[in-house]
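Engineer: Given next are the chains, with one letter for each unit.
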Amino acid sequence: MTVKGTVEYREIGTGAWVLVGENGTTYELGASAPDALLKSGLTVEVEGNVDENAMTLAAIGPVLEVKTFKEV
Amino acid sequence: MKRFLLLCLFVVGLAVALTSFKGLAARGTYDSIVLDFREDIPQEQVERRLSAIAQEYDLSPRLNSEFSAADNVYIVRGDRALLQKLKKELAKSTEFVEPNYTYGIPPLAEPAETESTGDTPTASVPRSQFAPDDPMYAKQWNLRDINVEGAWSETKGKGVTVAVIDTGVSSVPDLKNTEFVEGYDFVNDRAVATDDNGHGTHVAGTVAQSTNNNYGVAGVAYEAKIMPLKVLSASGSGQISDIAEAIKFAADNGADVINMSLGGGGESALMKEAIEYAHNKGVVIIAAAGNSGQNAAGYPARYARVIGVSATNATGDKTPYSNYGAGVDIAAPGGDTRNGPAGGILQNTIDRRSGNGIFAPLQGTSMASPHVAGVAALVKGVGVEDPNEVTEVLLQSAREVSDDPNNHYGAGHLDAASAVQLAMKGKLSWNHFFRWLRDNGYFNLKFWFDGGVVALLPKVLMVLGSYLLAWLLRTYLPLGSWNLATGLIFGSSGLFVLRGLYIFDLPQWPLRVAGSSLPELGTAVQGSSALNPIFASVLIPAILVVLLLGSQWKWFAIGTSLGVASCLAVSAFFNPALVWLGGGIVASLFLLVNAALCFGLAALSAKPEGA
Numbered sequence: 001m002t003v004k005g006t007v008e009y010r011e012i013g014t015g016a017w018v019l020v021g022e023n024g025t026t027y028e029l030g031a032s033a034p035d036a037l038l039k040s041g042l043t044v045e046v047e048g049n050v051d052e053n054a055m056t057l058a059a060i061g062p063v064l065e066v067k068t069f070k071e072v
Numbered sequence: 073m074k075r076f077l078l079l080c081l082f083v084v085g086l087a088v089a090l091t092s093f094k095g096l097a098a099r100g101t102y103d104s105i106v107l108d109f110r111e112d113i114p115q116e117q118v119e120r121r122l123s124a125i126a127q128e129y130d131l132s133p134r135l136n137s138e139f140s141a142a143d144n145v146y147i148v149r150g151d152r153a154l155l156q157k158l159k160k161e162l163a164k165s166t167e168f169v170e171p172n173y174t175y176g177i178p179p180l181a182e183p184a185e186t187e188s189t190g191d192t193p194t195a196s197v198p199r200s201q202f203a204p205d206d207p208m209y210a211k212q213w214n215l216r217d218i219n220v221e222g223a224w225s226e227t228k229g230k231g232v233t234v235a236v237i238d239t240g241v242s243s244v245p246d247l248k249n250t251e252f253v254e255g256y257d258f259v260n261d262r263a264v265a266t267d268d269n270g271h272g273t274h275v276a277g278t279v280a281q282s283t284n285n286n287y288g289v290a291g292v293a294y295e296a297k298i299m300p301l302k303v304l305s306a307s308g309s310g311q312i313s314d315i316a317e318a319i320k321f322a323a324d325n326g327a328d329v330i331n332m333s334l335g336g337g338g339e340s341a342l343m344k345e346a347i348e349y350a351h352n353k354g355v356v357i358i359a360a361a362g363n364s365g366q367n368a369a370g371y372p373a374r375y376a377r378v379i380g381v382s383a384t385n386a387t388g389d390k391t392p393y394s395n396y397g398a399g400v401d402i403a404a405p406g407g408d409t410r411n412g413p414a415g416g417i418l419q420n421t422i423d424r425r426s427g428n429g430i431f432a433p434l435q436g437t438s439m440a441s442p443h444v445a446g447v448a449a450l451v452k453g454v455g456v457e458d459p460n461e462v463t464e465v466l467l468q469s470a471r472e473v474s475d476d477p478n479n480h481y482g483a484g485h486l487d488a489a490s491a492v493q494l495a496m497k498g499k500l501s502w503n504h505f506f507r508w509l510r511d512n513g514y515f516n517l518k519f520w521f522d523g524g525v526v527a528l529l530p531k532v533l534m535v536l537g538s539y540l541l542a543w544l545l546r547t548y549l550p551l552g553s554w555n556l557a558t559g560l561i562f563g564s565s566g567l568f569v570l571r572g573l574y575i576f577d578l579p580q581w582p583l584r585v586a587g588s589s590l591p592e593l594g595t596a597v598q599g600s601s602a603l604n605p606i607f608a609s610v611l612i613p614a615i616l617v618v619l620l621l622g623s624q625w626k627w628f629a630i631g632t633s634l635g636v637a638s639c640l641a642v643s644a645f646f647n648p649a650l651v652w653l654g655g656g657i658v659a660s661l662f663l664l665v666n667a668a669l670c671f672g673l674a675a676l677s678a679k680p681e682g683a
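Here the protein sequences line up with chains A and B, keeping their order.
Mapping of the first sequence onto my numbering: position 71 corresponds to residue 71, and the numbering continues sequentially without gaps.
Convert by adding 72 to the 1-based position in the second sequence; the result is the number in my numbering.
In short, the hints are calculated from the structure, not lab data.
A portion of the hints provided could be inaccurate.
Claimed, not checked - Simulated crosslink set (DSBU-like; lysine-lysine; CA at most 35 Å straight-line):
| hint | chain 1 | residue 1 | chain 2 | residue 2 |
| --- | --- | --- | --- | --- |
| 1 | A | Lys4 | B | Lys344 |
| 2 | A | Lys67 | B | Lys344 |
| 3 | A | Lys39 | B | Lys211 |
| 4 | A | Lys4 | A | Lys70 |
| 5 | B | Lys211 | B | Lys230 |
| 6 | B | Lys248 | B | Lys320 |
Remember, predicted model here, so these are calculated numbers, not experimental data.
Whenever a hint applies, use it, and build me the whole structure from the sequences.
Structural biologist: Shown next as structure tokens:
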């Protein structure tokens, strides 16, 4: 799936990176997210999958495992 | 009527005098010594002696006052050791050498509220006798929010194990005194479950941070044991399969409570089954509602057997990040750091990058959940085993939020003191009874030795009986109330040790009066062992209740009534003798009927209106 949105850092628990999608869903960026993506305010288009079996300490939204991304 | 009023005033006045009387056995303290030199020895000799001891012991003797010169009374600073030496050395030249006792108003029995002078935002927070000595405790608004000190008087969670299913737990300095049981690292498949993120250690701190260790911060159930189970990696995420296994591991290895400060994914049959398994083994399971600010908690909080926890801020409002609605069973402090770190939940954890110990103020439903897990451990600590009952206690004791259309708070705000109190209902607590005895001086050895002259057994039964009667009405009585305890003692036994005191040259009747319970007062002056039926009846308790019911002395009147009930009931069996009425069955019946009336009176007046 492809999600367009903005990258943000959320102070929840020990902290989490999210992608606030233009589709109205906030995704938690999974462990596979490359460092280059983890920049607050970055507007990106991410290609990846939601991991239905993942649970996180941030519990802030579906976990999006990133395959590729590009800045828009 | 006027006479009755006067009589009541007399009784109340006497009660006040009795209860503020600290006893004759009190020992003073001193830090100086009085030297009274003989007046028949020359002044030069006195001065020689004074300068000799001044040199030998490095003292500077001074006259007690300008009026002391004629009497040769001098004061020196010194302790017991110096007193003994001076007594020997000055035996011939002095009339006496004795401690210069310090007299003063005795400290209040209840610890006074102290106001710290620090510049912390909690400077005026009252500290109870259970306030721990951890220096950063003042910053833990969250622990005051859940009334944890009120629960610590009963339990600190001893004997209970809380499994923390999280990122692992590291042994930071403020977990040094906390007990651990063996856990497991399901991420790396090894027995040691240390933390590489900082989240699990923080959560474990809220549950059972080492407390009263004069270091750092406090935890909710600090005598409970922690079982660290690592299911989340350093990045903070993990797989449902690992979490389900961890739940089963906890249930199989003696955990009593499971905390899961995590969430995500959909409903999973595997996890549901693991939760059922643990629940059937008696484990209470608690989880964070989730942090997406949405209507409906996430999984695992949403499963039926799991207590889902939403997060509140320091003013008790739901935080913006916290989920609400379906699956939220109760609310607890999760913190809100938008306006600065003081709004967060402060615990000792590790810094993710350096691995060093830090005190971190975090926010999240992750932080709220372990508050509930800690209180569940306290509830289990007082003997409630069944997880359904524990849940019932937690929800019923929560401070309900009346206007909550979107279920932000579930049953309401978590309240540790009320939960433990509710959990203890129906359980006669030796812990509480012994504390009550201690607080009222019954563990003081002097009490028993001095009381030797008085017939001890009936007196002890009267005291125990009054406590048991108060315990029967515990739903309505403030058992920790000083007024109530005073009334119980005044009604049941009086300060009976005073009756055993013998002071040369003093008439004995004042001590007999002070050492008498209310029923004995009618004949205390004469020293008769028979009871006066006016005093040994429901009459005076009834008058006290009528006069004091609307005032803060209400509990004194009710306590007195219960005390008298106990005294009369014991007297009915031990020594049923009444002036005018004689002894035997008539006296016993009179005493028993009045005992029952006194108990009924206390029960009726203790119940709140409409109850």
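Engineer: Within 35 Å, alpha carbon to alpha carbon, are Lys211 of chain B and Lys230 of chain B?
Structural biologist: 25 Å, holds
Engineer: When you check the alpha-carbon spacing of Lys248 of chain B and Lys320 of chain B, does it fall within 35 Å?
Structural biologist: With a Cα-Cα distance of about 27 Å, the restraint between Lys248 of chain B and Lys320 of chain B holds, given a limit of 35 Å.
Engineer: Check the hint pairing Lys4 of chain A with Lys70 of chain A against an upper bound of 35 Å on the C-alpha distance.
Structural biologist: 10 Å, holds
Engineer: Does Lys211 of chain B lie within 35 Å of Lys39 of chain A when you go C-alpha to C-alpha?
Structural biologist: 33 Å, holds
Engineer: Straight-line Cα separation of Lys4 of chain A and Lys344 of chain B no greater than 35 Å?
Structural biologist: Given pair Lys4 of chain A, Lys344 of chain B holds - Cα atoms ~34 Å apart, limit 35 Å.
Engineer: Starting from Lys67 of chain A, check that the Cα of Lys344 of chain B is at most 35 Å away, please.
Structural biologist: 31 Å, holds
Against the hints set out earlier in the document, no violation occurs for any number.
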